[in-house]
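Chains as they are written, first to last, in the working numbering: chain A, 1 to 322; chain B, 1 to 322.
Hint data in this document are derived by calculation from the structure and do not stem from the laboratory. Predicted, not measured: the structure shown is a model, and the values here were computed from it. By construction, the Cβ of each residue, glycine as well, lies at the ideal position given by its N, Cα and C atoms. The reader is advised that the hints may include incorrect statements.
[Stated by the list, open to error] Within a straight-line C-alpha distance of at most 30 Å, the following computed DSSO-like cross-link-like pairs (lysine-lysine) qualify: (1) B:K105 <-> A:K187; (2) B:K194 <-> A:K28; (3) B:K187 <-> A:K145; (4) A:K187 <-> B:K169; (5) A:K220 <-> A:K242; (6) B:K169 <-> B:K105; (7) A:K194 <-> B:K145; (8) B:K145 <-> B:K105; (9) A:K105 <-> B:K28; (10) A:K310 <-> B:K117; (11) A:K169 <-> B:K105; (12) B:K187 <-> A:K187; (13) B:K316 <-> A:K105.
[Unchecked claim] Residues of chain B clear of chain A, computed beta-carbon distances all greater than 12 Å: (14) V3; (15) R72; (16) N211; (17) D309.
There are 2 protein chains.
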Amino acid sequence: MTVENVIIIGSGPAGFTAGLYTSRAQLKPLLLTGNEIGGQVALTYEIENYPGFPDGLPGPELVEKLQTQAERFGTRIEYDYVTEVDLQQHPFVVRTQNGQEYRTKSVIVSTGATPRKLQIPGELELTGRGVSYCATCDGFFFRNKEVVVVGGGDSALEEGLFLTRFASKVTIVHRRDELRASKIMRKRALENEKIEFIWDTVLASINAGENGAVASVTLKNVKTEELRDLPAEGVFIFIGHKPNGELFSGQLAMQDGYIVTNRTMHTNIPGVFAAGEIQDNHFRQVATSVGQGTMAAMETERFLAELEDKRYEEIKAEMAGA
Amino acid sequence: MTVENVIIIGSGPAGFTAGLYTSRAQLKPLLLTGNEIGGQVALTYEIENYPGFPDGLPGPELVEKLQTQAERFGTRIEYDYVTEVDLQQHPFVVRTQNGQEYRTKSVIVSTGATPRKLQIPGELELTGRGVSYCATCDGFFFRNKEVVVVGGGDSALEEGLFLTRFASKVTIVHRRDELRASKIMRKRALENEKIEFIWDTVLASINAGENGAVASVTLKNVKTEELRDLPAEGVFIFIGHKPNGELFSGQLAMQDGYIVTNRTMHTNIPGVFAAGEIQDNHFRQVATSVGQGTMAAMETERFLAELEDKRYEEIKAEMAGA
């Protein structure tokens, strides 16, 4: 049976970058895309903050460039979805939706995370046209505009405060009458003149204007069930992220659904590395994911070089002893 | 006196990326370039492994893109060289060659590192035309070619072994008759069929062919002083890097000349962050440096937000207690 050098699971910036680096290192990597090629980037209308593109570029275009570059150096890409992994034996086993069973000496996990959705009318259609899940990414587009923030946790308030640098007004809509956020974040948000709170309220829909972008939201008071419209050009939704890590549950060290890595992208199992948002709950940028994909790939190279001299069990014993 | 929000010291990928992110966050950063705009990238003939450019691009072109993008969002760039910093008082003090004295609430250090040079004829002129200081970056260009590696430490052997994936032959030239490298690396290199060692020998010059690229090296035996030519299309020089960190000596925690950072680019002084090769002796890629520049910038934003609520001394005391 063929044993792969490295299987990369996931096709966001971290995965394609890992493909680029491991293929340039002549490792002939196999990349399994998952269901959505490009991950969150593919759903991003315009990316202005990936270094090297001064005029910005559409997310799908960046994904295409990353894929082309990885393929140029020999990354083999399969449009397949991993359904099961066994990391307890080595070579590792990877099984897929298309019925393939692979053996591989190393694995790079870059399955990403998905922002939790409100699942209301308008949300999906207007993503990238006023609906956003990242203030750092998109705040700049909303200078002197009125925006709505949905959520009541630390990240909602932090991103809401960040948005006050751009927006003329930030309305935070929260379904309860108090905030889950930490005291310090609550204080900062409540004292900020640009921020207004609407309590006990959820979004019933996000509504487009004539230009096809967000023009208003329909609010629903959860106590009175009263509906009303609020004009807004931006809707930022911060109700959490769902890391795509079910596959690894019980096999890798994880925390809150995220894979635990060290600074150089090693998981707790030698030969298994992780990069991108599946192990980063904090920065979540294309630029940080490509950096992490690079590190994971270079560390994979080192691991495979070590494996030429030593049995896997020796490497494992050394790591356990370290 | 004006107090800057953030001063970025250095103009490589980490510095310009920090400029991009802090300017998009409306912090109006000031970037002081240092003597060489773009750092090592500016001296790179062709970059194939920065994700997003499937056809590769010349180093100076990437530098121009990074600079344009940082400026587009309001990064102020000064062509000036920092001669002195005082990080013991806050706001910090930064003094320059042009006689400026700045005060700033935060600093991002991205002064980079410089590969040590042999300082022989042909080295500078042929850099990027066969002379390289990075096997990960440039090895792919030397498929089925003969290359020379200079050095006898772990990194020389590791990069030499990496080059055997591409080159038809790798000749390691070392000025002594034994290797400083670790036992395991020595064993691997000595057993590799593509690697040959030439002992007690240094390079006297690197010589161009008619196409203007490296065609041979002139070797000099240090015991007999005998000179001879060896054909080679690539010369990889691994005799160490010099981090550009003298400015911070005695002020920041450092190790072997590199600034010590935690995983999110904090130094040991609150409000001072570092990114890129000044704090990374290991990966040294454009992709990792932009990731680090992004992290340093986002952590700077958080620090400045915290500074709106608290006195600097409080933040410092909290950090010391943590």
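Next on the checklist: Checking a non-interface call: every C-beta of chain A should be farther than 12 Å from the C-beta of B:N211. Is that right?
Outcome noted: 24 Å, holds
Next on the checklist: Hinted pair, alpha-carbon criterion (30 Å max): A:K310, B:K117. Please report holds or violated.
Outcome noted: 35 Å, violated
Checklist entry - If you draw a straight line from the CA of B:K187 to the CA of A:K187, is it 30 Å or shorter? => result Between B:K187 and A:K187 the Cα gap is close to 62 Å, so the pair fails against 30 Å, i.e. violated.
Item to check | Cβ separation check - B:V3 to all of chain A, threshold 12 Å | outcome: At roughly 18 Å from the nearest Cβ of chain A, B:V3 sits farther out than 12 Å, so the non-interface label holds.
Item to check | Hinted pair A:K187 and B:K169, Cα distance within 30 Å | outcome: 66 Å, violated
Checklist entry - Taking C-beta pairs only, is B:R72 more than 12 Å away from all of chain A? => result 6 Å, violated
Checklist entry - Should the label of B:D309 as a non-interface residue stand, given a Cβ cut-off of 12 Å to chain A? => result At about 7 Å from chain A, B:D309 fails to clear the 12 Å cut-off, so the statement is violated.
Next on the checklist: What's the verdict on A:K105 and B:K28, does the C-alpha distance respect the 30 Å limit or exceed it?
Outcome noted: 48 Å, violated
Next on the checklist: Between the alpha carbons of A:K220 and A:K242, is the straight-line distance 30 Å or under?
Outcome noted: Roughly 25 Å separates the two Cα atoms, so the pair holds.
Checklist entry - If you draw a straight line from the CA of B:K187 to the CA of A:K145, is it 30 Å or shorter? => result This hinted pair is violated, its Cα atoms lying about 65 Å apart.
Checklist entry - Quick one, are B:K194 and A:K28 close enough, alpha carbons at most 30 Å? => result 20 Å, holds
Next on the checklist: Check whether the Cα positions of B:K169 and B:K105 lie no farther apart than 30 Å.
Outcome noted: 53 Å, violated
Consistency note: the structure conflicts with the earlier hints numbered 3, 4, 6, 7, 8, 9, 10, 12, 13, 15 and 17.
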